[in-house]
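K.L.:
With the hints as your guide, set chain B onto chain A.
Going down the list, the protein sequences come from chains A and B. Going by UniProt numbering, 372 is the number at position 372 of the first sequence; the sequence numbering is gapless. Going by UniProt numbering, 267 is the number at position 267 of the second sequence; the sequence numbering is gapless.
Just so you know, the hints here were simulated from the structure itself, not pulled from any lab data. Every value quoted in this text rests on a predicted model; they were computed, and no experiment measured them. Nothing false has been slipped in among the hints.
Same chains, same label: a pair holds when it works inside one copy or across any pair of copies.
Under the rule of at most 20 Å between Cα atoms (straight-line distance), these lysine to any residue pairs were calculated in the SDA-like manner:
#1 Lys358 - Thr370
#2 Lys480 - Pro289
#3 Lys458 - Thr408
#4 Lys369 - Gln20
#5 Lys458 - Arg491
#6 Lys480 - Leu285
#7 Lys314 - Ile116
#8 Lys480 - Ser377
#9 Lys127 - Glu83
#10 Lys151 - Pro316
#11 Lys369 - Ser25
Residues per chain, in single letters:
Protein chains: 2
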Amino acid sequence: MTRDRLTLYDTTLRDGQQTQGVQFSTPEKHLIAAALDRLGVDYIEGGWPGANPTDSDFFADAPQTRATFTAFGMTKRAGRSAENDEVLAGVLNAGTRAVCLVGKTHDFHVTTALGITLGDNLDNIAKSVAHVVAQGREALFDAEHFFDGYKANPDYALACCKAAHEAGARWIVLCDTNGGALPAEVSRITRAVIAAGIPGDRLGIHTHDDTGNAVANSLAAVDAGARQVQGTLNGLGERCGNANLTTLIPTLLLKEPYRSRFETGVSEAALRGLVKTSRMLDDILNRVPLRSAPYVGASAFAHKAGLHASAILKDPATYEHVPPETVGNARIVPMSNQAGQSNLRERLRDMGLAVPEKADLGRILERIKTREADGYSYDTAQASFELEARRELGLMPGFFEVERYRATVERRRDARGNPVHLSEVTVVVNIAGERHLSVSEGIMADGSDGGPVHALSKALMKDLGPYQDLIGDMELVDFKVRITNGGTEARTRVVIDHEDSLGRRWSTVGVSSNIIDASFEALLDAVLWKLVSDGARVPGAA
Amino acid sequence: MTRDRLTLYDTTLRDGQQTQGVQFSTPEKHLIAAALDRLGVDYIEGGWPGANPTDSDFFADAPQTRATFTAFGMTKRAGRSAENDEVLAGVLNAGTRAVCLVGKTHDFHVTTALGITLGDNLDNIAKSVAHVVAQGREALFDAEHFFDGYKANPDYALACCKAAHEAGARWIVLCDTNGGALPAEVSRITRAVIAAGIPGDRLGIHTHDDTGNAVANSLAAVDAGARQVQGTLNGLGERCGNANLTTLIPTLLLKEPYRSRFETGVSEAALRGLVKTSRMLDDILNRVPLRSAPYVGASAFAHKAGLHASAILKDPATYEHVPPETVGNARIVPMSNQAGQSNLRERLRDMGLAVPEKADLGRILERIKTREADGYSYDTAQASFELEARRELGLMPGFFEVERYRATVERRRDARGNPVHLSEVTVVVNIAGERHLSVSEGIMADGSDGGPVHALSKALMKDLGPYQDLIGDMELVDFKVRITNGGTEARTRVVIDHEDSLGRRWSTVGVSSNIIDASFEALLDAVLWKLVSDGARVPGAA
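Chain A on its own, in the form it takes in the complex:
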């Protein structure tokens, strides 16, 4: 049986930008477009050229993508021709292969929000789409509020879609703009549209998650015959977000009946990069990745219940609906049971540590559990995890000892009354009996105050004697803080990422009721991991 082609349309760069707190820069838009293109979506909607400077800049230097790069805009206003609407002209001037225009299809919106006649709105849709087609572009029509519109006035909502269809739109996209439609309605109404004469392979679906049904509504429309699915990476988007392509893509590729019925532009190899793509977007936005996200979340294949974890050992299919590696994710089994031990053994082997005895594994697990109870977390801080395992196994060289440090943060006024901020750090390190005293100020390259963590880092790495050459290429690239208990009993967890000239990136963790101390601990681990990894020799040792 030949499989139907299902088209994926990404709007992360347009509707995704409507997320509260999200404002992509032009370089970020380029990064995301490249990632979407690698993933294999069919359309990349880049934004609304002319609506704001970022979008205009982005379209002026449009990315070269295999996917159809698309500009978004709206149908022309009433009372002027399509040729003379400068908003529409701004969209067309971007010169993209495809143009997607949103237009109203709900009679209430036409009269209330636009304040024009129903006939004028139909005319705006037809003329705008025809204008795009006349320019030799592919036209798409986003039927705004279509499901509410259909429920209120099915004839008018259908007439709007037909107007676009007859004017030559390649796709008519049924939009649940306020996110209020439920799956049974989406199914029923999509079928009605197809029955009214618009073929399913010209129909798209665009949903929002206001009732938690954005994914289900998309699937319901596909079940009903629609052949284009719109969504965003990580479900970004206005209010509760758009349909999450990071969830929909694996469902469409891996699960029946979709797997057998459809093909998309996403390859199995690209699917294995899904977790990475999802994390990249979170990195750009400095958002904490949602652990519980379907398929790509860090917890998506974490088996905590004892019964589940032991069954997983016998056969992963007992509690996993798809294999985690198909989306580039990994299984997590608690280290506290048998399944965990084999997992730990594998992690240690990956670090190049000889696989220890069972008793050693038990001791490492005990140490990690105790520290996790204190607020440490080794999910991301792999480098600190490796150091803890080495410490427990007696495989950690005594490179140096920190005798003391002192960090001072001061705010005062200078002689002219201008405010002065100063961070100063002193560190005393003992290397093979020799004391090294370093001092540093937290002033950044641009003259601004880099704060005490920056000063700590500089002081610690200023003079490590025989190790100085090895740590010279370390760069602090990220710094994350989390309070692990609320209120006054708060403990602070600091996770710090470093990179070196080999392109390695490693994360370390520190925990204390004192944020400076937690930071210092993480910095120290970062240096120690670098020394261990590069095979540093302790002076005087055999």
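P.N.:
Leaving out everything else, chain B in the frame of chain A:
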């Protein structure tokens, strides 16, 4: 038309506890049970008595709830009688009105995970349920992996449900244990179960969100005839979580066809407390509330797109599928446009500030926008927002000035070689020309190091001269840190919550590249807000 009764079964305290990183204490379980009871769910599943010390303690001192308090366990093991199964006995000994037992219904699991015959498993189900009923309790049967089981061997899966039904189970709960079922399947299979003779008003649905369809699957089962819905607050639960009751309850109460067809135990008044209930759970878990959560998220009614925001002004129904106040949420319109100005005017009125001129509003908006670009965020920090508005309007009294402060964090060894941590803070404040010098150490009541923020707070509030009486009852109750840019250009945002003896709670924000400085700024705002709110007089002022 009489409405059908739909039963809500909450498993936050049992399946919700399987969330990675979640471990409720006994007092926390009591808090959550009380909140669930106020909300009006019909069943509260408290945990598995006998499985771990926390659950055993909780059942030993069980909460008095209007809802049916329920113990969870599993069907008896093969080769022993229900009376002699000590795991089952542990569950029954908790003495709850209802007992929910999970049992296998997927042939593959019976033979692979349990390693017993299909007949033995049927016998375990029947005998266990009969034993619960014989003890005068209400029995529920969780049909584990039911949908996968039905797809593999429909006769056997149905036989398991029938065994429980015939043994007297009040509810047979169809569980999608690994979260892999899709809505169309759930619909089809639930209908098949009813057609096979188990009435819908004896059927429950228990779903997981591994494909992002937990809510849709629950609705599909209800559409098919099931009359009990299981889920958790905020969608807690193993892997990607359980069906989110915080999403399902408003959909069932507010949206058609459910609103007209069903009644539940949740009143409209209780529904208006939904946002509060959701936040309380996040507070207990120290999780950042998900802004994009349907209905209850801070962004759920935030209208960022310019077109949307201006239409909302004309009629909120244009872009809102339900009114935000029905669930205790609020509309957010960007302050940068017309809609925002009327919103700001309302916020200022709430603060008791005379409604300023249009030009003043513009200046306040400009100031807020500039600060937000610098990393400030006023979504939660209402107290700092109020102070900024006062500053712009010239309504901020000059209570005192901080001349300087210095914070020192030190780590060294004492004479015996034991590590010593010390945080010391000096603050110099000028009040009406008089200098007040205070010093404080960051040592907490229990002797542990409270860190520099704690020391800053103590030093700042140690001697504020004429204001000392007013600030004496302030207590720092929460402290949150967020890095607003990644990497080395990181700026740190600190949000601090205080409470006073009147039970008021207020949040303030500080931003700096230096975490100590950001904390100090937030602490300073907290004191100033308290002074403004309590009408403190500046010494010597008229």
